[in-house]
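Trainee: In case you want the letters, here they are:
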Amino acid sequence: QKEVEQDPGPLSVPEGAIVSLNCTYSNSAFQYFMWYRQYSRKGPELLMYTYSSGNKEDGRFTAQVDKSSKYISLFIRDSQPSDSATYLCAMKSPRRGGGADGLTFGKGTHLIIQP
Amino acid sequence: DAGITQSPRHKVTETGTPVTLRCHQTENHRYMYWYRQDPGHGLRLIHYSYGVKDTDKGEVSDGYSVSRSKTEDFLLTLESATSSQTSVYFCAISESTYNEQFFGPGTRLTVL
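Residue numbers (my numbering), protein chains in the order written: chain C, 2 to 116; chain W, 187 to 298.
With the rest of the complex left out, here is chain C (with noise of 0.2 Å):
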């Protein structure tokens, strides 16, 4: 089993609207979740990062986390056009050394606006 399990899509919604995200993982150790959008042959960037359980929002993406079912999950609404790329969940422990100071990735979704 992968630590991080996230659906490649393609996923192809119609402009405006709301868009799902999700990821599921197994590692309980997990305290920590990003998520990156990353553009074609561009750098991953971040939109959204939390530490606990519950809803964070910034601006049209809300990130959720539901460490109990070990589940995260971000929301777009009204989607754009621009809004299609590539995104990725990451996450890690507060462990420290071997490696554990980096993330652990999601393969990423590949999301498609429609106009």
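Heads up, some of the hints might be wrong.
Dumping the calculated DSBU-like pairs for lysine-lysine here, alpha-carbon to alpha-carbon at most 35 Å [claimed, not checked]: (1) K239(W) / K197(W); (2) K256(W) / K243(W); (3) K256(W) / K68(C); (4) K239(W) / K256(W); (5) K3(C) / K68(C); (6) K197(W) / K243(W); (7) K243(W) / K3(C); (8) K43(C) / K197(W); (9) K243(W) / K57(C); (10) K239(W) / K43(C); (11) K68(C) / K243(W); (12) K68(C) / K57(C); (13) K256(W) / K43(C); (14) K3(C) / K43(C); (15) K43(C) / K243(W); (16) K3(C) / K57(C); (17) K43(C) / K57(C); (18) K57(C) / K71(C); (19) K71(C) / K197(W); (20) K3(C) / K197(W).
Keep in mind that the hints were calculated from the coordinates and are not lab data.
If you're wondering where the values come from, they're calculated on a predicted model, not measured in any experiment.
Once you have looked at the hints, place chain W on chain C.
Mentor: The following block gives chain W in isolation, referenced to the frame of chain C:
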């Protein structure tokens, strides 16, 4: 890209040659990381540094070495490049192990 540059941005090399990739930051962050991104695998940690001359291995460190002689620079070296090291390499930085990581623009490496 949060004050992070990577050089070169593209490189084509031959099997068996040494290759060094450079990451430079202007944010004075303590932590620096090297990841590689491959289709079907996502982003995976190669090595990272938690201070000048302090480094540790990641998930896929075999065949790679790193050095950090200054806060702002983190070098990734492939001593003898192999075709399996064809990938896109990303550098990232963070203030501490508990803070967000910010990524550079990437280096696309092809080993023939």
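Trainee: Which of the numbered hints above does this structure break?
Mentor: 3 and 19
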